[in-house]
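Chemist: The residues making up each chain are set out below.
2 protein chains.
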Amino acid sequence: MKNRKITLNEHEIPEKWYNIIADMPNKPLPPLHPGTKEPIGPEALAPLFPGALIEQEVTSEKWVEIPDEVRDIYSLWRPTPLYRAYGLEKALDTPAKIYYKYEGTSPAGSHKPNTAVAQAYYNKQEGINRITTETGAGQWGSALSFACNLFDIECEVYMVRLSYDHKPYRKVMMNTWGAKVFPSPSEATEAGRKILAEDPDTTGSLGIAISEAVERAATNEDTKYALGSVLNHVKLHQTIIGQEAVQQMEKAGDLPDIVIAPFGGGSNFAGLAFPFLRFNLEEGKSIRCIASEPASCPKLTRGVFKYDFGDTVGMTPLLPMYTLGHNFIPAPIHAGGLRYHGAGVIVSQLLRDKLIEAVAHDNVEVFEAGVTFARAEGIIPAPEATHGIATAIHEANKCREEGVPRTILFNLCGHGNFDMKAYEDYFDGKIVKHELSEEEISKLITELDTPDV
Amino acid sequence: MKNRKITLNEHEIPEKWYNIIADMPNKPLPPLHPGTKEPIGPEALAPLFPGALIEQEVTSEKWVEIPDEVRDIYSLWRPTPLYRAYGLEKALDTPAKIYYKYEGTSPAGSHKPNTAVAQAYYNKQEGINRITTETGAGQWGSALSFACNLFDIECEVYMVRLSYDHKPYRKVMMNTWGAKVFPSPSEATEAGRKILAEDPDTTGSLGIAISEAVERAATNEDTKYALGSVLNHVKLHQTIIGQEAVQQMEKAGDLPDIVIAPFGGGSNFAGLAFPFLRFNLEEGKSIRCIASEPASCPKLTRGVFKYDFGDTVGMTPLLPMYTLGHNFIPAPIHAGGLRYHGAGVIVSQLLRDKLIEAVAHDNVEVFEAGVTFARAEGIIPAPEATHGIATAIHEANKCREEGVPRTILFNLCGHGNFDMKAYEDYFDGKIVKHELSEEEISKLITELDTPDV
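Protein chains in written order, with the working numbering: chain A, 56 to 508; chain B, 56 to 508.
In isolation and in its complexed conformation, chain A is listed as follows (with noise of 0.2 Å):
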């Protein structure tokens, strides 16, 4: 029997967080008041964010410890399994040893709950009973309805209303956990009142709905705004993922030479990356980490590095990003985990200082990847998942032209049971391209007129 699946138990769920910004070399500039445009303080999130997330999200502590009430629920399904994917090295006859941390055993499916359950922890301590959110595809607002529910907090997801229309069964995933779903714009809010006047047929936006959810935190005294990706804290929360990863790549005797994970906002990513790049920053390694973004949406790989804001409206504080500029609308791949305009700001820091690689690939190459995976594995990965993927077989095939045996670990950051419409649109070959011309790209950074770094 082949060694094929690496497992902890729950008594190995790693009891601290890693903060990256102790190891980093360059700390992260700080945020912009959207006004002033002079530098702020931790206190301009207090409207929004209990206390407890912004220590996190300005601490320079290198290891926050994870309350034992979340590693509880995290042992619902953490550790999480990581796999030698020999079933994907004989398909592509490569002397790559290539490994998966596998994320899509959470009751929501995603990497997702890592945050949302941290988040759901430090806001019922400080006794909120309701959390807002967005939601574009789905994922996010599930894993936060799942964790809300655990900790019996009110959960207000504004989901945009053409996923809300077109996803019936995200949203009905939500409400089996008792959160609220709201079509964004909705007529909960001022935001969503004054837009539904103007366009009654609005199918929404993300920007919309952010507003929405921000504003519902903003005017009431016991609820909070939660989000997925992008901030510090979301960042440590997630690199749970990396710090199993590092002891099951122990116990399997290797260590990777390359770590890929795909990107949105960069929490996928930092998940898995940053306990690994931690060996580069203590100990001189020299752990390749690749981040894998589609090649609609290519902040890291052609976008500009500059003070932007992390909404659409430009409401929040500006933030130094690898950014496409915040009016970029991606095209409506499937993979909506990653239709975000801009990289949070540690990862933006970390690919300035040449630090991370990033990779862009098309929507086309990841759906084949996605399908040789699932054929050659057997697991079914979500959209995003699949960029991970393409990266892994591009790095592997590599390994096979250049008769080197390199050892590759990505993040399967989660299963695809909810995204079989887009395997079908692929079979049915109505998945196309969306690559950005130079000129769209040359006028979408010369349009962007935030303060430069």
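None of these hints come from the bench; they were simulated from the model.
Heads up, a few of these hints could be off.
Any copy, or any two copies together, can satisfy a pair, since identical chains are not distinguished.
[Unchecked claim] No farther apart than 25 Å at their CA atoms in a straight line, the calculated lysine-lysine pairs in the DSS-like style are these:
#	residue 1	residue 2
1	Lys306	Lys249
2	Lys179	Lys152
3	Lys60	Lys152
4	Lys57	Lys179
5	Lys145	Lys179
6	Lys235	Lys145
7	Lys453	Lys498
8	Lys57	Lys71
9	Lys60	Lys145
10	Lys60	Lys306
11	Lys60	Lys71
For this one, chain A is given, so just place chain B on it according to the hints.
Modeler: Just chain B now, kept in the frame of chain A:
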């Protein structure tokens, strides 16, 4: 931190399946020829199944070795976790200790791959390159598609047209693993063409789909047929569930007083319960093993013990079983996997000998149980799985009323990711009771003109 999850590592995957026939005080009666009504031997199955599976169908060996190649594939998702349901215990305010074995971590999302992988393996060993089967809701078709793909066997699935049209995502899942899926009746078989000629707009039935799959296997040298429940070899393969659970309960320092599983054809129940029933048969323990069936299809609780056909049209051997009659068409409940008129012969004999128990739950009760479970434990169960939950809740409530802290174990046989429509119907108040009247039951039994036992 609570000890919620009892894990085994991949080296603890059991090496043998348990064949309860060896320990049964009364062995099952022989099958009869559908025409002559005379007892038949295993050779009658040769056109449909490979020799190794026919041997397993009739063996009286107590332990059957699991081939290394099968254990290797099992390790993709096995051993599956066993959970202590602290959340559910709290929600029910019961002194009972509740455990559940979770089979939803398989790539196909249920326990079905346990036998699909074994069946694909033995077919491949005997040079079979194509396996046919039927599927209703799609759980079994998905599992066999997954398994055949890993052994490079062509898989043909005849999917009841009603499901084919209404559950496209299960079809896409099968396609992703490379299976060919035909809406049944299809043009691919004589049986299908005949029915289509008579009624081009028919929505099909499981009986028709079986006829098509069987015809393809019977008329093609290199093609065999596979069944997902009912038969002895299928039950045998599923005992991997209980074999693991026995180890896990030992690790937890506990032995169940009550073991519960949903009941369709019997493999789900056999899988978890038989390895515990062994303690009763071998050591005189008195673990209650309860099969949980839908009130709309109550063959165990209200059926008759009689010879009956396995299929609707009367082509299969006559089997001694608890049945509602092969012409019985169960109400269209969402738990499609439990809509079968009869019970496998081993389970039928055990029930007749009062060595196991059976209960029935109505359709509304099981969804209430499913939502209670999802909110207490985080995992959204498949509609089939909610039946076992309903029984567990019933027993846990009795523990509270009687003040007795019994230990309950049930089989959470699959997740509900592909069943969100069912939950939507429940929340919309569209789930209704389907209970059979005394008159209906008595009519079904009176009209059944097959041989008595």
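Chemist: It remains to establish, for every hint, whether it holds in the given structure.
Modeler: Results for each hint:
Proximity of Lys306 to Lys249 under the C-alpha cut-off of 25 Å is found in neither arrangement, the shortest distances being 57 Å within a copy and 59 Å between copies. For a Cα distance limit of 25 Å, the shortest separation of Lys179 from Lys152 qualifies neither inside one copy, at 43 Å, nor across copies, at 27 Å. Within a single copy, Lys60 and Lys152 get their C-alpha atoms as close as 14 Å, which meets the 25 Å cut-off; across copies the closest is 30 Å, which misses it. Only between protomers do Lys57 and Lys179 lie at most 25 Å apart by alpha-carbon distance; the minimum there is 19 Å, versus 44 Å within a single protomer.
Taking the shortest Cα distances, Lys145 and Lys179 sit within 25 Å of each other only across copies (19 Å), while inside one copy they are farther apart (48 Å). Taking identical chains as interchangeable, the C-alpha atoms of Lys235 and Lys145 lie at most 25 Å apart only when they sit on different chains, with a minimum of 24 Å there against 46 Å within one chain. Neither within a single protomer nor between protomers do Lys453 and Lys498 lie at most 25 Å apart by alpha-carbon distance, with minima of 34 Å and 70 Å respectively. When the C-alpha separation of Lys57 and Lys71 is checked against a cutoff of 25 Å, the pair qualifies only between copies, where the shortest distance is 18 Å, while the shortest distance within a copy is 32 Å.
When the C-alpha separation of Lys60 and Lys145 is checked against a cutoff of 25 Å, the pair qualifies only within one copy, where the shortest distance is 16 Å, while the shortest distance between copies is 33 Å. Taking identical chains as interchangeable, the C-alpha atoms of Lys60 and Lys306 lie at most 25 Å apart whether they share a chain (11 Å) or sit on different chains (21 Å). For the identical chains of this complex, Lys60 and Lys71 are neighbours both inside a copy (24 Å) and across copies (20 Å), given an alpha-carbon limit of 25 Å.
Checked against the numbered hints above, the structure violates hints 1, 2, 7; every other hint is satisfied.
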